[in-house]
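Residue numbers (our numbering), protein chains in the order written: chain A, 4 to 368; chain B, 4 to 368.
If you are wondering where the hints come from, they were derived from the structure by calculation, not from laboratory data. Treat the hints loosely; a few may be bogus.
No copy labels: a pair is met if it fits in one copy or bridges any two.
In the DSSO-like style, the derived pairs of lysine-lysine whose C-alpha atoms are separated by at most 30 Å in a straight line are [said to hold, decoys possible]:
no.	residue 1	residue 2
1	Lys180	Lys348
2	Lys317	Lys230
3	Lys355	Lys196
4	Lys302	Lys20
5	Lys181	Lys78
6	Lys313	Lys230
7	Lys313	Lys198
8	Lys198	Lys31
9	Lys196	Lys207
10	Lys313	Lys181
11	Lys355	Lys302
12	Lys31	Lys313
13	Lys181	Lys355
14	Lys78	Lys313
15	Lys207	Lys302
16	Lys198	Lys317
Protein chains: 2
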Amino acid sequence: MPEAAVASEYRLSTEEKLKRFTIEALTKVGVEQSSAKTVADVLVAADLRGIESHGMARLESYYIGRIRAGQLNPKPNVTVARESETTIVLDADNGLGHPAGRRAMMDVIEKARRHGTAFGAVKNSNHFGIAGYYAMLALEHDMIGIASTNSVRYGAPTYGKSIMLGTNPFAYAIPAKKEPPFVFDFATTTVPKGKLEVYQRKEKDLNPGWAIDAQGNPTLSPAEALKGALLPLGGFGVDNGGHKGYGLGLLVDILCGVLSGGAFGEGLPLPSDGPEPGKVSHFFGAIRIDGFRDVALFKRDMDAELRAFKNSEKVPGATRIYVAGEIEHEKTLSNRANGVPVHVKVWSGLEKLASELGIPFELAR
Amino acid sequence: MPEAAVASEYRLSTEEKLKRFTIEALTKVGVEQSSAKTVADVLVAADLRGIESHGMARLESYYIGRIRAGQLNPKPNVTVARESETTIVLDADNGLGHPAGRRAMMDVIEKARRHGTAFGAVKNSNHFGIAGYYAMLALEHDMIGIASTNSVRYGAPTYGKSIMLGTNPFAYAIPAKKEPPFVFDFATTTVPKGKLEVYQRKEKDLNPGWAIDAQGNPTLSPAEALKGALLPLGGFGVDNGGHKGYGLGLLVDILCGVLSGGAFGEGLPLPSDGPEPGKVSHFFGAIRIDGFRDVALFKRDMDAELRAFKNSEKVPGATRIYVAGEIEHEKTLSNRANGVPVHVKVWSGLEKLASELGIPFELAR
Chain A
4 MPEAAVASEY
14 RLSTEEKLKR
24 FTIEALTKVG
34 VEQSSAKTVA
44 DVLVAADLRG
54 IESHGMARLE
64 SYYIGRIRAG
74 QLNPKPNVTV
84 ARESETTIVL
94 DADNGLGHPA
104 GRRAMMDVIE
114 KARRHGTAFG
124 AVKNSNHFGI
134 AGYYAMLALE
144 HDMIGIASTN
154 SVRYGAPTYG
164 KSIMLGTNPF
174 AYAIPAKKEP
184 PFVFDFATTT
194 VPKGKLEVYQ
204 RKEKDLNPGW
214 AIDAQGNPTL
224 SPAEALKGAL
234 LPLGGFGVDN
244 GGHKGYGLGL
254 LVDILCGVLS
264 GGAFGEGLPL
274 PSDGPEPGKV
284 SHFFGAIRID
294 GFRDVALFKR
304 DMDAELRAFK
314 NSEKVPGATR
324 IYVAGEIEHE
334 KTLSNRANGV
344 PVHVKVWSGL
354 EKLASELGIP
364 FELAR
Chain B
4 MPEAAVASEY
14 RLSTEEKLKR
24 FTIEALTKVG
34 VEQSSAKTVA
44 DVLVAADLRG
54 IESHGMARLE
64 SYYIGRIRAG
74 QLNPKPNVTV
84 ARESETTIVL
94 DADNGLGHPA
104 GRRAMMDVIE
114 KARRHGTAFG
124 AVKNSNHFGI
134 AGYYAMLALE
144 HDMIGIASTN
154 SVRYGAPTYG
164 KSIMLGTNPF
174 AYAIPAKKEP
184 PFVFDFATTT
194 VPKGKLEVYQ
204 RKEKDLNPGW
214 AIDAQGNPTL
224 SPAEALKGAL
234 LPLGGFGVDN
244 GGHKGYGLGL
254 LVDILCGVLS
264 GGAFGEGLPL
274 PSDGPEPGKV
284 SHFFGAIRID
294 GFRDVALFKR
304 DMDAELRAFK
314 NSEKVPGATR
324 IYVAGEIEHE
334 KTLSNRANGV
344 PVHVKVWSGL
354 EKLASELGIP
364 FELAR
């Protein structure tokens, strides 16, 4: 964001202060210290990476608010529902998605370390933050990491007007040598619901291919779209590949919800339902690179691959070609050096939360 | 296709006759019987599924023509480049992609049968037909099948004008109980290059988001687009998620080309280079469903999941909501019952090939 915008709309904190605050707030409402630490890791990773929508902005509304309302279990009994050499399924017992997700991904990594590849799932869970966080846990083990989750429903299938699919993100993390890792974390709808709300506030028309109205017709009106549904990546119908985004969204719902034995399809809540306990499921995978070739050679070639794209010829007016994860990597470095921006509305929300919980509010850098 | 179109532009053959012809033609140019049988299986599967572009239409141009021109090895020495409990890499020795791909996928399935999950790759290979064929091999084993390949380059990255990526398809096959399996096989460009050629013949404008011209500007002109590049799923720039299609295409190139130790990125040929020996790589995976939950319960829930989407409310004017693989499944049943349509141009090309090779031409149903 521009410096001026930072000055007026954002205040600066640090990684350490944001994490400490998150841990204090969560333990105050009954979450175990180790679980609170994981939530803090995931939320602050999002803010560091510039994905504000999934960071501290959600601490109260998605997590602490739901614990205080009795909708989310602060002290779940997470159990193993099924396990084999290379697979594991956890039941999160309606607890926070982050600690259950991290535990599943670490189990998957350990199984892949022993056997080469492994996959896992978590059922009866809740929102787990950014999928990329979990995929990236594989990087230091010289593995390819995979993570995904289904979610509250916002999107319609191709030629459908019923709201059937979450934004259902898929994340892949693949290490390189000197280049930042390839971290590809994307929602399978064209845009997230929040983007419609931003356009409504700015009184701007939507792009074609983003959403339909409640009758199922394509619309450029944010107000009508907010009563309708998001479209899958590729947009309305099949001409621009909307069926591919729909297929990806449904694939995620199958790998998370159906494969784990959790909620899926119409079993997932609509936004109008309010939070429903433990309806979210996650999916994780890890693949050892040295099962395919020498890790050093792989990483050398990853550098060559990523650099070839970055250095390729640009369209008129473009200043840079990125590879997935590069923007977020640079944002992390700059936020670590210059402070982590927190929107003033989020900041005052956290101040209010601190006062309600009776914990210190010490976020300023 | 409409009945009238079948009558005028298509002739009807049968699965058996097309396979027999393919095997005779391939063995005549030196391909082993068992390998020829696999190519026939894959090509005829494409025609049965209604994916004409990847079926018999390519027998001469992609395979037999290249063997006769000395560009593709009819009797390769396929070797294991690396292997672990749950991974395998084959070197296809510049042979046909289909037998090497099938062997790798069958090895992956066997490793998954023993250990729960497995992945594999093939390097120094050639075009392997439809990715969905390989993913579907996992279905009868109650596994989730995954297949992918990189290819000759046609597409540009987001904000790039250099041709850097193939159409790089990804395929997932997941079994259901009474419903046809979920078979999701999609190119990561918005449209294939063939679609530009069809629009040029019909003198129609392209859709926005399909292609750029040689200068890197979005274009609706088929002629200009054919001198330029295909755009990734999501279209030009990032507003409609073009960076997601670009990320998917690059992911495929990494999983196939970089992970296998084969060619990748700019190492892959451009269409103008003509065929380059053994530059294509493939990627395969299999995941046992019973590593996650009871297979019968999973399949029951798959039926419920797929039916919920199919029976959900339609947008005005739409008659049906499909799930991935359903159209191709129904086409297979109808082509088996009524004959497999072969375009008259492909038909006469095969007749010419038969005469050149001195083999019988008996395709008529």
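Check Lys302 against Lys20 for me: Cα-Cα at most 30 Å, and say if that holds within a copy, between copies, both or neither. For Lys302 and Lys20, the Cα distance exceeds 30 Å both inside one copy (34 Å) and across copies (48 Å).
Within, between, both or neither, where Lys198 and Lys31 count as close if Cα-Cα is 30 Å or less: Answer is neither: 33 Å inside a copy and 59 Å across each miss the 30 Å cutoff.
Within a copy, between copies, both or neither: which one fits Lys317 and Lys230 at a CA-CA cutoff of 30 Å? Answer is between; shortest inter-copy Cα gap is 16 Å, intra-copy 39 Å.
Between the shortest in-copy and the shortest cross-copy C-alpha distance, which are at most 30 Å for Lys31 and Lys313: within, between, both, or neither? Neither: 46 Å inside a copy, 46 Å across copies.
Up to 30 Å between alpha-carbons, please classify Lys198 paired with Lys317: within, between, both or neither. Both ways: Lys198 and Lys317 sit 27 Å apart in one copy and 25 Å across, limit 30 Å.
Using 30 Å as the alpha carbon limit, work out where Lys181 and Lys355 are close: within a copy, between copies, both or neither. neither (43 Å within a copy, 54 Å between copies)
Using 30 Å as the alpha-carbon threshold, which applies to Lys196 and Lys207: within, between, both, or neither? within (15 Å within a copy, 34 Å between copies)
Between Lys355 and Lys302, at a C-alpha cutoff of 30 Å, which is it: within one copy, between copies, both, or neither? Close neither inside one copy (47 Å) nor across copies (48 Å); limit 30 Å.
Give the relationship of Lys180 and Lys348 under a CA distance limit of 30 Å: within one copy only, between copies only, both, or neither. Classified as neither: same-chain Cα gap 39 Å, cross-chain 50 Å, threshold 30 Å.
Check Lys313 against Lys198 for me: Cα-Cα at most 30 Å, and say if that holds within a copy, between copies, both or neither. Both ways: Lys313 and Lys198 sit 28 Å apart in one copy and 28 Å across, limit 30 Å.
Up to 30 Å CA-CA - Lys313 versus Lys78, copy category: Intra 46 Å, inter 39 Å, cutoff 30 Å: neither.
Alpha-carbon proximity between Lys355 and Lys196, which holds within one copy, between copies, both or neither at 30 Å: within (26 Å within a copy, 56 Å between copies)
This entry does not satisfy hints 1, 4, 5, 8, 11, 12, 13, 14, 15, going by the numbered hints stated previously.
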